[in-house]
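Asks: Now for the letters of each chain:
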Amino acid sequence: MKDFSQLKKNLKRDFSGLKTIRVAILGDTSTQFLAQSLRGLGYDNNLNLEIWEADYSQIERQVYDFSTELYEFKPEIVIVFQSTHKLLGKYNKIQPAQHELFASNELLEIENIYSTLTNNLSTKVIYYNYNEIDDSVYGNYANKTESSFLFQLRKLNYELMVLASKKLNLYLCDLSSIQNQVGKSNFFQPSIYINTEMVLSIDVLPKVAAKTLDLINVLNGMLKKCVILDLDNTTWGGIIGDDGIDNIQIGSLGIGKAFSEFQYWIKKLKNRGIVVAVCSKNTESVAKAPFEKHPDMILRLDDISVFVANWENKADNILQIQKILNIGFDSMVFLDDNPFERNIVRENIPQICVPELPEDPADYLEYLYSLNLFETSSLSTEDKERTKLYQVEAQRVTIQQKFTNEIDFLISLHMLSLIEPFNNFNTPRVAQLSQRSNQFNLRTVRYTESELEKLRISKDYFTYAFTLEDKFGDNGLICAVILKIENSTVLFIDTWFMSCRVLKRGMEDFVLNTIVNFAKENAFTIIKGEYIPTAKNEMVKDHYLNLGFEKQNDNWILNVENHKHRNNYIGIKNNKND
Amino acid sequence: MTKDELLKQINTIFINTLDNEDVIVNETTTANDVEEWDSLTHIQLVVAIEKHFKIRFTSKEIQSWDNVGVMLECIQKKGI
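Protein chains in written order, with my numbering: chain H, 1 to 578; chain S, 1 to 80.
FYI, nobody ran anything at the bench for these hints, they're computed from the structure.
Here the structure is a predicted model, which means the values were calculated and not measured.
Be aware that a few hints might be false.
These stretches of chain H come out as covered by chain S in the derived footprint (C-beta under 8 angstroms, 3 or more residues) [stated by the list, open to error]: (1) 183 to 193; (2) 196 to 202; (3) 359 to 371.
Just so it is clear, CB atoms sit at the ideal spot from N, CA and C, and this is done for glycine as well.
Using the sequences provided together with the hints, build the complete structure.
Replies: In structure tokens:
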């Protein structure tokens, strides 16, 4: 989030061409900084907020005198910001006998302001609710004492919500929740207040502006309608293809709790009318299984409007989801734990909102709460029917349109792979992958670290570990190959496994070229591979066929002479230790 | 911190906060000498200086600065 001085720098930018919205601010404290923050942040939201500010403490004069600048300005939105400090001041001045009626009387005044504004202007009203001040006159007993300031303040906040639920054009901006989030000592700086009559600290201004802009945006029709979910390590813990349905993390234990709570949140959004779609790199049947069978899943297939699970790139898949839903990219939110996927999507679809999910799933929800992504200005019953409608639509639409030219896309990634034999540094990671890889694993022979160490010194084996990095970052060690000398002419691929994260990047071609080059240099003429089927490795059933091997009995054979260099866009990275 | 060093750091804060590369302050500089330095940006300067040196000014101190020199003394009194 930009800080105040960064927002202020926006004020010097060119606002021409941006959509103009006239906003009036009526405050009982000094609001210049707030106005600057709003206009500055408006720029980042492609809005030219034309702001008119009343001198402070002029609320009533401006509202009840129709000849004032306010009515001349004809605002589309009026922001009314009556501060808790001034509220406390009023409370302090009245007779104690009146304290019990304080909130009710205030509410009447607010309702009057609202009615007068909306009866005489075609405007919506944003009212800032009250951040809490406990004057500590009664201590905890304030909660039992109707005449206490705290009691009246909370009552007023509650009554404001009741009022807003009845008044079509009254929207509350929840200042109180901002103070809850950042703490009062960050929200309010007494020395500044004493000197300037400003009740918002410099640091909290951007947050208040953001919360206000959230409202202005939805009043302007800019709202989120759809959330697209990744599955592995986003919707549940673990990798369904590798770990299996019994081992993914969801439910009430440990980190599973974080994913369960996340799913409850998504479910509530769905019930509210947000369309939920899935975009996952998985085999479709595998990805759907937890939705159908896992007892702890909160989300079920019924909740999902469009379910896309395959190994294509996610930007293309999201394009397809967008075609089915027929809504703008700017109304979609994409949630994925993997930075690579997030960047690919961001780069190809700049309009879509892609939150930078924290690394720890325990932090997902708090982070998502803080973004306030799903602001809305109205609710309809039709919203709730949406999921069904789209499910039908999804069956109808089968067009596969592509964003990306596959080759241009691969070239643009600037991929580099470091090829090394197993060594002290990479062996632990190879062992780990060997234990965990289930899907892209041709023979699923598991090796422990000590077994790998023996292979390293054996004369009968050659080992290869591959890393893959690209312009978005380093994926680390993602593939390992173990070659066994069968005789002086035949090399057997004892092990070939790879992380599914790097599918469809040409890594298979790159690895095969590496194996063939090695064979040629060492006078082997035949490369022999084998596929041993398991419950989880169906995706590599045709692996050797696709790479030009021929089937002989239970094995796959490649004559080195027949191999043509397989085109790919991965460069060889030099080891910096050389 | 020496007064010169302090003045250098303060000058950087002025440049960043007032968004003006050309601001040069010395001990006798007052708000009248710098175009962007008004009662509002004064508050921004106060908060920026507080953050930079991890100090807090009292409300009286904020009011008392007639020029940059007084501001410096005030910061130095806080052990910077």
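Asks: Look at each hint and say if it fits the structure.
Replies: Hint-by-hint comparison with the structure:
1. 183 to 193: With 4 residues close enough to chain S, the hint holds.
2. 196 to 202: holds (count 4)
3. 359 to 371: violated (count 0)
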